[in-house]
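Chemist: Protein chains in written order, with the numbering used here: chain A, 29 to 250; chain B, 176 to 575.
Derived from the structure by calculation, the hints contain no laboratory data. Note that the structure is a prediction, hence the values are computed from the model and not measured. We put the beta carbon where it would ideally sit given N, CA and C, even for glycine. Warning: the hint list may mix true and false statements.
Claimed, not checked - Derived list of chain B stretches under chain A, where covered just means 3 residues or more per stretch with a C-beta under 8 Å from a C-beta of chain A: (1) 270-284; (2) 490-499; (3) 565-573.
To be verified - Derived SDA-like pairs: lysine to any residue, alpha-carbon spacing no greater than 20 Å straight-line: (4) Lys166(A) - Phe180(B); (5) Lys184(B) - Leu130(A); (6) Lys184(B) - Leu127(A); (7) Lys171(A) - Glu188(B); (8) Lys85(A) - Glu570(B); (9) Lys171(A) - Arg192(B); (10) Lys171(A) - Ser193(B); (11) Lys495(B) - Glu56(A); (12) Lys483(B) - Leu153(A).
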Amino acid sequence: MIKLDKVVKSYKIDEETTFYALKESSVEIKDKEFVSIIGPSGSGKSTLMHLIGLLDKPSQGEIIVQGRKISGLNDDEISSLRNEFIGFVFQQFNLIPKLTVLENILLPSFYARKKLEYDPKEKALGLIKRFGLQGKEKSYPNKISGGQQQRVAILRALIMEPKMILADEPTGNLDSKTGTEIMKLLKTLNEEEKITIAIVTHEADIAKYGKRIINVKDGRVV
Amino acid sequence: MTYFFFIIKSALEDFRRSKMQTFLTSLGILIGVFAVVTLTAMGLGLKKYISDQFDALGTNTLFVAPGKLLESRGMGASSLLGNRFDLKDLNSLKRVRSVKSITPLSSKSGTAKGTKKSEFSTIFFSSDAFFDISGFEIDKGRFFDKRDVDKRTKVLIAGPKIAEKLFGSINEALDKKVSIDNVSFTIIGVIKSKGGGGFGGPDYDSYFFGPYTTGFIFDPDKKFIRFAMKTDENINIATVKEEVKNAMLKRYKDDEFSIVEPTEILSVVNGIFGILNLVLVAIASISLLVGGIGIMNIMYVTVSDKTKEVGIRRAIGARKNDILFQFIVEAVALSILGGALGLGLAYIGILFVQPFFPAYMDVTSVTLALGVSSAIGIIFGVLPARKAANLEPVEAIRYE
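Kindly generate the complete structure, drawing on both the sequences and the hints.
Modeler: Below you can see the structure in the form of structure tokens.
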């Protein structure tokens, strides 16, 4: 469902020097897969994740999402793809502090271009109930625990019913018990909801939740 | 639509979280709008006040005043210091064919003693034609008539304000005696309120009106400060003026009197206030410009502060235009906030000065104030908003 074909990400430092954040790599993530991308910091796994998440464009090569070449899409179309196709979960949760839990979860639906077949607010309230966040709807992110914040972030990723959840070090800011809970949650989403999950991590313990592991080292997929 | 309210709500939440910064930023707009609205309200009020004084006189009226009224020497000074007219002038003007009715005017100020209070007041002495020319209406009692003028009866018509002050109420004042500088008069009528007053010009509600012949008690020379006349509407006003002028020229030199239509005075007044308003708007524009730059500056800071937020929003699907819109709305909200506060403050200020100054706020200045402040928000918000919209998602989300 998403394919990175011989992508390279490089930055020109000066006239003669070019820094390669990611050397020529090809990666394919299939529908309903649970993939872990593992590598030490500076390995290029974050760059890889940004490319998969359509947050960045490759310097060379092509990204193909469900048969569509990204290079042929404009900024608005790519934004809509991010909105409908991918749900992001970040290490620092990345909730918007001035918005309540419910508003944070609803935020992607405000940017939706397509007409939703469900009422996002109803859906959000249902998710909140299902994932044990009742009573926190009107709380601001700084008033709830880290584990709860990460759950809010996951619900925000789910509100648009995405095909894929892309999680960047989702347990990095959590204690191991809460981290395990979050990973189990992602596993459930993969198994029960058939949502494709890709996680980026440097911890082998976390990576082993994936059914397939992609190793990134020195800017190259190995 | 819900998205729009959502943006506004989150902008307000931002303001709530940094009240002081928000207030200081909108202060520039606040002061600018306050200045524009208050100053134009004062200008408008003064203009309306002056217009109202002359509007009451209707279209077919003329004044004859001493000196040159509408020329560089100015209105006030010449009419006070110039030569004054007498009965001979009145009779010669009465003979002018196109003048339908005429009244001489003179005045006397002094302490008026009523049953309840004593108050400094002024009597306007005129003929019975004055009420018709000035468009007065009687509330209680009657106007004085030709017989009162012929017989020099000591009767007065009172303005409602002074009647109430001296006697407690309008009804109480009727048929009572009032003494002014030790001359006793009977109040035979009270006029309906004419409104206005308070700023130098005549406040008819606080005046007495008496027959001009009776007024000679105070002025043995029997002089008048001016004539007011109603002209025949079938005759061109220019022709009437010419006839009146010829009558006056028999005794006076051309520059010793002036013949004025209320509309002429109005156009002079309008001209003066037009220029005044232009100057006020120009001054206020500078403060609005400074206010706008303040908003632009703080919006740039806000964009930096919110780089991460922009990154998050972009990651979850916001398009460049969504971000652009969000920041423009925020800038507009900020400047409208300033505008609304300035407007509120101006309103309070105007209420405060109204008792002694005819300030007058109209819909135009309110609309203008809010329109201009939103325009400032848009104009000065666009550049910072564009900066935010053009942030690279991947750079923005990594920003700490």
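Chemist: Give a verdict on every hint.
Modeler: Cross-check of the supplied hints:
With 0 residues bearing a CB less than 8 Å from a CB of chain A, the segment 270-284 of chain B misses the requirement of three and the coverage assertion fails. Note: the segment 490-499 of chain B has 8 residues with beta-carbon separation from chain A under 8 Å; the three-residue rule is met and the coverage holds. Counting residues of the segment 565-573 of chain B whose CB lies closer than 8 Å to any CB of chain A gives 4, so the stated coverage by that chain holds, three being the minimum. Note on Lys166(A) and Phe180(B): the hinted pairing holds, with a Cα-Cα distance of about 17 Å set against a maximum of 20 Å.
A C-alpha spacing of about 14 Å is found between Lys184(B) and Leu130(A), which places the hinted pair at or below 20 Å, so the restraint holds. Between Lys184(B) and Leu127(A) the alpha-carbon distance is near 9 Å, which keeps this suggested pair within the 20 Å criterion. For a cut-off of 20 Å, the pair hint linking Lys171(A) to Glu188(B) stands: about 16 Å separates their Cα positions. As the CA atoms of Lys85(A) and Glu570(B) are separated by approximately 12 Å, the hinted pair is consistent with the 20 Å bound.
Proposed proximity of Lys171(A) and Arg192(B) is supported: the alpha carbons are some 15 Å apart, at most 20 Å. Between Lys171(A) and Ser193(B), the direct Cα distance comes to roughly 19 Å. Compliance with the 20 Å bound is thereby established for this hinted pair. For the given pair, Lys495(B) sits about 29 Å from Glu56(A) by alpha-carbon distance, which is inconsistent with the 20 Å threshold. With a C-alpha separation of about 27 Å, the suggested pairing of Lys483(B) with Leu153(A) is violated against the 20 Å cut-off.
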